[in-house]
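2 protein chains.
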Amino acid sequence: MAPPSAAAAQSAFDPGLHHAHDSASCPFCRIAVIYGPYDPADPPAAESDALNPDASAPNPATFVVLSTPLLVAFLDIMPLSRGHVLLCPREHRPKLTDVTAAEAQEMGGYLRVLSAAVAQATGVRDWNVVQNNGAAAAQVVPHCHFHIIPRPELRDKRSERFTATMFGRGTREDLDEDEAAPLAERIREAVAELLHGEAPPDSSKPKL
Amino acid sequence: MAPPSAAAAQSAFDPGLHHAHDSASCPFCRIAVIYGPYDPADPPAAESDALNPDASAPNPATFVVLSTPLLVAFLDIMPLSRGHVLLCPREHRPKLTDVTAAEAQEMGGYLRVLSAAVAQATGVRDWNVVQNNGAAAAQVVPHCHFHIIPRPELRDKRSERFTATMFGRGTREDLDEDEAAPLAERIREAVAELLHGEAPPDSSKPKL
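From first to last, the protein sequence lines stand for chains A and B. Sequential numbering from 1 applies to the first sequence in the UniProt record's numbering. Sequential numbering from 1 applies to the second sequence in the UniProt record's numbering.
No wet-lab data here; the hints were simulated from the structure. Cβ coordinates follow ideal geometry from the N, Cα and C atoms, glycine included. Be aware that one or more of the hints could be misleading.
Said to hold, decoys possible - From the derived model, a few chain A residues whose C-beta atoms are all more than 10 Å from chain B: (1) ILE34; (2) LEU51; (3) ASN52; (4) MET107; (5) LEU111; (6) TRP127; (7) ALA135; (8) PHE146; (9) ASP176; (10) GLU179; (11) GLU198.
As the list claims (entries may be wrong) - Residues on chain A that point at chain B, a partial pick, calculated with CB under 8 Å: (12) PRO44; (13) SER48; (14) ARG112; (15) ALA116; (16) ASN132; (17) ARG172; (18) ALA192; (19) HIS196.
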């Protein structure tokens, strides 16, 4: 077979390409800088300084649901449904191919944990995980992020609009900040409970 | 805050719930049984027995692009675009919350590798990663799987149909088996090249 094209090879696995300029204007980098890591199995209290930074806080408010040395997750400010969460690496990585192997593995692990936590906090049992790379794929913020989007049962018409809106068309409503604070707290606490309930990694591996 | 509801807690992280009956009729379990693991950094030749099992092979043909002790990935038999790949755990896990922590982390790691490999093999630089959980979220096969879907630039009309079709409406075309064989080979080889080019895990971690 022919070797992969030079253009393709160039952009695969290249976390070093991006200029400081990109991250200076990136809203997700700003969140990552303001909200430091905490132990997800022992989250700070809702009223703590860690979750309520001072005047440097972004506007609109950010409702963090997970924060580790590598990753940060928070409620989408224009949710497609209640409990719509974004999970991203702390560092500025435009596409999934720009993240490190360690970041990718940790995102995979926490997609599972956050999915369960969001389902517990919202009571909605079905959900989509979506991650868009590039303009043709409807990526809006050029900092790699996974969406976790609860899917309550909807009548057909609303369901169609939901799907169109997920990929950048149609209207989305702003997050209700009064509802968001207790919801984010429930998600953080559900993450902690789920991590406490986990068997040690070795015994959870299927025998293959 | 109120504790999570019993119903919600029951289905989180519960890989043991599912009966043999479910996996016996599952097309992805069948693929996982027929196609055993190989070393992704040293894939078998296209004409090898490992990739061309005998009469027990499923119909339509399966074009495997990755196979590890925990995971298997293959071309979607009704692709939304050329290079549309599915990645799933070998074991029957209905939703993302049913997979083990080890499976979730490995899926995260290989989503990154397969994304780069599919981009190299197809030349398409934008793509979606989608994973649907439950009927309300348009999950069709009840065995957890991630879609990797290249997104060539499309005119508006085709793009709208693409999005609708991704979530279960509209028509999808069958995989062209003559095109699929060399495409799957290019993806397997790109995976191997990418894994060879990786720095050891420790040095790839960002300093945080």
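How the hints compare with the structure:
{"no.": "1", "hint": "ILE34", "verdict": "holds, 15 Å"}
{"no.": "2", "hint": "LEU51", "verdict": "holds, 14 Å"}
{"no.": "3", "hint": "ASN52", "verdict": "holds, 17 Å"}
{"no.": "4", "hint": "MET107", "verdict": "violated, 5 Å"}
{"no.": "5", "hint": "LEU111", "verdict": "violated, 6 Å"}
{"no.": "6", "hint": "TRP127", "verdict": "violated, 5 Å"}
{"no.": "7", "hint": "ALA135", "verdict": "violated, 7 Å"}
{"no.": "8", "hint": "PHE146", "verdict": "violated, 8 Å"}
{"no.": "9", "hint": "ASP176", "verdict": "holds, 18 Å"}
{"no.": "10", "hint": "GLU179", "verdict": "holds, 14 Å"}
{"no.": "11", "hint": "GLU198", "verdict": "violated, 6 Å"}
{"no.": "12", "hint": "PRO44", "verdict": "violated, 14 Å"}
{"no.": "13", "hint": "SER48", "verdict": "violated, 15 Å"}
{"no.": "14", "hint": "ARG112", "verdict": "holds, 4 Å"}
{"no.": "15", "hint": "ALA116", "verdict": "holds, 4 Å"}
{"no.": "16", "hint": "ASN132", "verdict": "holds, 5 Å"}
{"no.": "17", "hint": "ARG172", "verdict": "violated, 15 Å"}
{"no.": "18", "hint": "ALA192", "verdict": "violated, 11 Å"}
{"no.": "19", "hint": "HIS196", "verdict": "violated, 11 Å"}
Violated hints for the displayed structure, listed by number in ascending order: 4, 5, 6, 7, 8, 11, 12, 13, 17, 18, 19.
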